[in-house]
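J.: Given the coordinates of chain H, assemble chain S onto it according to the supplied hints.
Chains H and S supply the protein sequences, listed in that same order.
The first sequence maps to residues 4 to 110 in our numbering.
The second sequence maps to residues -2 to 122 in our numbering.
Treat the hints as calculated values from the structure; they're not laboratory data.
Keep in mind the model is a prediction, meaning the values are calculated, not measured.
Take these hints with a grain of salt, some might be off.
Said to hold, decoys possible - Here are the simulated EDC-like cross-link-like pairs (lysine to aspartate or glutamate), alpha carbons at most 16 Å apart as the crow flies:
{"#": "1", "chain 1": "S", "residue 1": "LYS42", "chain 2": "H", "residue 2": "ASP4"}
{"#": "2", "chain 1": "H", "residue 1": "LYS106", "chain 2": "H", "residue 2": "ASP85"}
{"#": "3", "chain 1": "H", "residue 1": "LYS48", "chain 2": "H", "residue 2": "GLU84"}
{"#": "4", "chain 1": "H", "residue 1": "LYS42", "chain 2": "H", "residue 2": "GLU108"}
{"#": "5", "chain 1": "S", "residue 1": "LYS59", "chain 2": "S", "residue 2": "GLU45"}
{"#": "6", "chain 1": "S", "residue 1": "LYS63", "chain 2": "S", "residue 2": "GLU45"}
{"#": "7", "chain 1": "S", "residue 1": "LYS74", "chain 2": "S", "residue 2": "ASP23"}
{"#": "8", "chain 1": "S", "residue 1": "LYS59", "chain 2": "H", "residue 2": "ASP4"}
{"#": "9", "chain 1": "S", "residue 1": "LYS63", "chain 2": "H", "residue 2": "ASP4"}
{"#": "10", "chain 1": "H", "residue 1": "LYS110", "chain 2": "H", "residue 2": "GLU84"}
{"#": "11", "chain 1": "H", "residue 1": "LYS48", "chain 2": "S", "residue 2": "ASP110"}
{"#": "12", "chain 1": "H", "residue 1": "LYS42", "chain 2": "H", "residue 2": "GLU84"}
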Amino acid sequence: DIQMTQSPSSVSASVGDRVTITCRASQGVGNWLAWYQQKPGEAPKVLIYSASSLQSGVPSRFSGSGSGTDFTLTINSLQPEDFATYYCQQTMTFPLTFGGGTKVEIK
Amino acid sequence: QLQLQESGPGLVKPSETLSLTCSVSDGSISSSLYYWDWIRQSPEKGLEWIGSTHKTGDTFYKASLKSRITISVDTSKNQLSLRLSSVTAADTAVYFCARLVGMTTATTERRYDSWGQGTLVTVSS
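Isolated chain H (complex conformation):
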């Protein structure tokens, strides 16, 4: 199975900050990488697919980059509604695997 490792596991930030989350795959996954946002009591919601494509309806302050084994999710100008947990997922091969999550908390 491809292991997905996210860092940091949590980050404290303020409204207006830029936040960067990294995700590393245990083997190359090309651009087969998606990012999700999850709020307590809710299902995850896709933000980014194909490593850098913005899902329809997602604000442009979210962006993704990377390929192969190293990926980044960036949130520019953090908004109050962005405080949540973020997950990466490799979508190249079954079993589709998720990272352990990064919780973005209010500083």
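T.: Just chain S, lined up with the frame of chain H:
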């Protein structure tokens, strides 16, 4: 807008079978474009993909669950189902159904674009 809704018992006894249904509305489970998946989430294991199926019967399972799991679609009812036998406490989790986009194309645009709200299943006597 596509809606998915999981339903089933919230409490299952050890060694028994967990059975869940995912009802799909405002969309067709018969579309050849999509696969339909079950994902579970627990504090111990995080988000864990457990299986995926297509209306054609093409199905993939998590290897460690393969002897216990069955996922299928009922096109007449527009529903997805999950059966997991011989459950233990380790199967306690929130179970989500989700639509997988991009499995039928040769692109990297694969992702879950719609999810149910999730249902908590506790395995306990």
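J.: Is the straight-line distance between the alpha-carbon of LYS42 of chain S and that of ASP4 of chain H 16 Å or less?
T.: holds (14 Å)
J.: Is LYS74 of chain S within 16 Å of ASP23 of chain S, Cα to Cα?
T.: At roughly 13 Å apart (the allowed maximum being 16 Å), ASP23 of chain S and LYS74 of chain S satisfy the hint.
J.: Within 16 Å, alpha carbon to alpha carbon, are LYS59 of chain S and GLU45 of chain S?
T.: holds (9 Å)
J.: Is the Cα-Cα distance between LYS106 of chain H and ASP85 of chain H 16 Å or less?
T.: Holds, at roughly 10 Å.
J.: Compare the distance between the alpha carbons of LYS110 of chain H and GLU84 of chain H with 16 Å, and conclude whether the hinted pair is satisfied.
T.: holds (14 Å)
J.: Do the alpha carbons of LYS48 of chain H and ASP110 of chain S lie within 16 Å of each other, as the hint requires?
T.: It holds: about 7 Å lies between the C-alpha atoms, which stays within 16 Å.
J.: Between LYS59 of chain S and ASP4 of chain H, does the CA-CA distance stay at or below 16 Å?
T.: holds (10 Å)
J.: With a cut-off of 16 Å on the C-alpha distance, tell me whether LYS42 of chain H and GLU108 of chain H pass.
T.: OK: LYS42 of chain H and GLU108 of chain H at ~11 Å, within 16 Å.
J.: Given the proposed pairing of LYS63 of chain S with GLU45 of chain S, does the C-alpha separation stay at or below 16 Å?
T.: Roughly 14 Å separates the two Cα atoms, so the pair holds.
J.: Holds or violated: are the alpha carbons of LYS48 of chain H and GLU84 of chain H at most 16 Å from each other?
T.: holds (13 Å)
J.: If you draw a straight line from the CA of LYS42 of chain H to the CA of GLU84 of chain H, is it 16 Å or shorter?
T.: Answer holds: LYS42 of chain H to GLU84 of chain H is near 9 Å, not above 16 Å.
J.: Take a quick look at whether LYS63 of chain S and ASP4 of chain H sit within 16 Å of each other, Cα to Cα.
T.: holds (15 Å)
Every hint from the earlier list agrees with this structure, and none is contradicted.
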